[in-house]
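With the hints as your guide, set chain L with the ligands onto chain C.
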Amino acid sequence: MLTLAWRNLWRQRRRSLVTAGAVGTVVTLSILYYSLGGASTNSMYQSLTEGTGQIQVHVTGYRDLREFGTLLIEGAESVRAMIEASADGAEVIGVLEVPSLLAGEDRSRGIVLSGQDWTPALLDRFIDQSLSAGRFLEEDEFEGIVLGEALANALEVGLGDEVFAYAPGTEGFGAAAYTVVGLLDLLDANYEGRAAFIPLGAAQELAAPGAVTRFELHYPELVRLDQDTKIATVRDELRASLNDYSVESWQELNPSLVRLLDAIGPMMAALNIIFFILAGLLVINTIYLSLMERIHEFGIIISLGANGRKVMSMITLESVLLCVTGAVVGTGAGLAGVAYLSRGFTFPGLEEYYASFGLNPVFYASITPKQVLFSIAFALATGILAALWPASMAARLEPVEAMRFTT
Amino acid sequence: MSTIYTVKDLKKTYRVGDVATEALRGIDLKIEQGEFTAIAGPSGSGKSTLLHLMGALDTPSSGEVWLSGRRIDRLAKPPSAQLRLWNIGFVFQAYNLIPVMSALENAAFVLELQGVGRRERESKALQALAALDMAEFADRRPNQLSGGQQQRVAVARALAADPQIILADEPTANLDSETGQSLIHYMQRLNTEQGVTFVFSTHDPRLLNQVTRIIRIEDGRIVQEEPVQAA
Ligand SMILES: Nc1ncnc2c1ncn2[C@@H]1O[C@H](COP(=O)(O)OP(=O)(O)OP(=O)(O)O)[C@@H](O)[C@H]1O
Ligand SMILES: [Mg+2]
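Each protein sequence line maps, in turn, to chains C and L. Using my numbering, the first residue of the first sequence is number 1, and each one after it goes up by one. Using my numbering, the first residue of the second sequence is number 1, and each one after it goes up by one.
It should be emphasised that the hints constitute simulated quantities derived from the structure, not laboratory data. Quick reminder that beta carbons are idealized off the backbone N, C-alpha and C, glycines included. Be careful, since some hints might not be right.
[Claimed, not checked] Taking CB as the label site, the calculated pair distances span:
{"hint": "1", "chain 1": "L", "residue 1": "T21", "chain 2": "C", "residue 2": "L388", "range": "45 to 55 angstroms"}
{"hint": "2", "chain 1": "C", "residue 1": "S392", "chain 2": "L", "residue 2": "G115", "range": "16 to 26 angstroms"}
{"hint": "3", "chain 1": "C", "residue 1": "T233", "chain 2": "L", "residue 2": "G115", "range": "32 to 42 angstroms"}
{"hint": "4", "chain 1": "L", "residue 1": "Q127", "chain 2": "C", "residue 2": "R13", "range": "43 to 53 angstroms"}
{"hint": "5", "chain 1": "L", "residue 1": "S146", "chain 2": "C", "residue 2": "W10", "range": "16 to 26 angstroms"}
{"hint": "6", "chain 1": "L", "residue 1": "T192", "chain 2": "C", "residue 2": "S392", "range": "37 to 47 angstroms"}
Just chain C, same shape as in the assembly:
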């Protein structure tokens, strides 16, 4: 039966090739599309969680608090120890954000001075992507500061120049002088005008000894959204052990972006279905035409005693064969494409756009075996569904009438 189906497809070679090609193209597109969707999703996940960590700990109700003093997590080191005890494998970063006035020789700016420690991996990436001049901070230094280029320009300072920070009404010294040791070229120009980093210890000395405004928990090994599953559990455990504090996952920290992320899946599925419907219409057409050309033949087959089920399965087999052949070739092409794109690519012209959301504009295509199988299954289903109508027509042919039919 299989060879018969092959030969029948081969009879109208060009038409079959075009149709199989269309199915193959759809499968290729669908695989590429999934891989790009996966790339976008993962890149968004990575950017989001690099920026905020997977989990953050603040004082309770911090969103509504304005006073610097009320935002502080005092006794930061013991809180950190508690976090590290219950969140296995997380790299914990303490951040102290100090609203302060930063002044150069002639100019000043009100900014939020960011004192924090870094995980080695995050620091490497940050230096790689953003440091445009000078060096980054050492963990234990107290004099150095790193500024966004735009902020440095606004303050009219450069590498080696001094800046002064005033943070009045706090528990620390309230004022300090720093030397600009590095400059940052950040993707988000707006942020670049407000970015100033010092080590956590320096910030605590300036404004709040022994305190932080938040802890971030980073899991650098989680780079894909589908690896994120354990975060919710860790968050709930932390909530139980740190009940005086607010514990939030990255989803709760970025609700609008998460909504965007959640829409990717259904949107991809919808577009994919449209693709396959279009290919399916072409397959229906092909199978229908080949039935019309062979009405006489089906008349013979039915006359000899083939029942409706047999006739339907013969036609369905041809359709499935057509689609699966296309799908196999399409999968090959698609996977080759994914392999190529997995080495990293950008959407030309959209780099700025992504950057403005703080997203990494370099994407790494990735696809799961499940998605590949999904595409092939889709092609298979297309083959079966497309054959349904022509096949049921063939099954209802009257044998004598069909045998009299000559083309």
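Just chain L with the ligands now, kept in the frame of chain C:
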């Protein structure tokens, strides 16, 4: 001898638009097991129509067809397909082969529909082809065969599945007299040796000399019945 076919007052009217053609106007006949019957008549007299109705390929306008005690003129599609597949061998008027299949595959097709395994069906089909002097053409496609050769493949297809009844619509129409004769002899041998009941239409006088019974129809009616002594 038991009765294979009983046909009662069988009528068939074709309607094409406003034109009604009365192809059969009331046929009554009985066919006993093991008979070798020819239906003779001029073109358009209704021979093919009668054979189609006897083969459950079509439904009559009125009347009845009984096959081995079972009424078969109003069967639904699945049981009629079943009946054709297992009980009746067909040879159609125009040699009706499947173009993408070799002669061997065509000859084995009914067996394939019956679900017979490849080896067995091919050996049976080859036997049938050989009996019709067609073994050497087993691998050819229909379009590489002459009309007569194609007709012999069609006969081999009907024979290969060992049906108890063979309905053949002008089986020798496209054969030269020599191959026509050998086909008839082969059919006769099956008839006498295996008791296969043959009903076939023809207007070949040489054929009519070889049959045990001739039913002549004209204009949709039986005009003469001749029991003949086998030659
Ligand atoms: N499907 C059909 N639609 C309309 N008329 C038909 C149809 N089939 C047969 N007829 C008509 O019925 C009559 C009998 O046809 P049938 O094919 O049975 O004749 P036949 O004896 O087999 O002729 P031949 O020897 O030429 O094969 C003819 O007048 C034919 O035109
Ligand atoms: Mg005829």
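Status of each hint after checking the structure:
| no. | hint | verdict |
| --- | --- | --- |
| 1 | L:T21 / C:L388: 45 to 55 angstroms | violated, 36 angstroms |
| 2 | C:S392 / L:G115: 16 to 26 angstroms | holds, 23 angstroms |
| 3 | C:T233 / L:G115: 32 to 42 angstroms | violated, 56 angstroms |
| 4 | L:Q127 / C:R13: 43 to 53 angstroms | violated, 35 angstroms |
| 5 | L:S146 / C:W10: 16 to 26 angstroms | holds, 25 angstroms |
| 6 | L:T192 / C:S392: 37 to 47 angstroms | holds, 45 angstroms |
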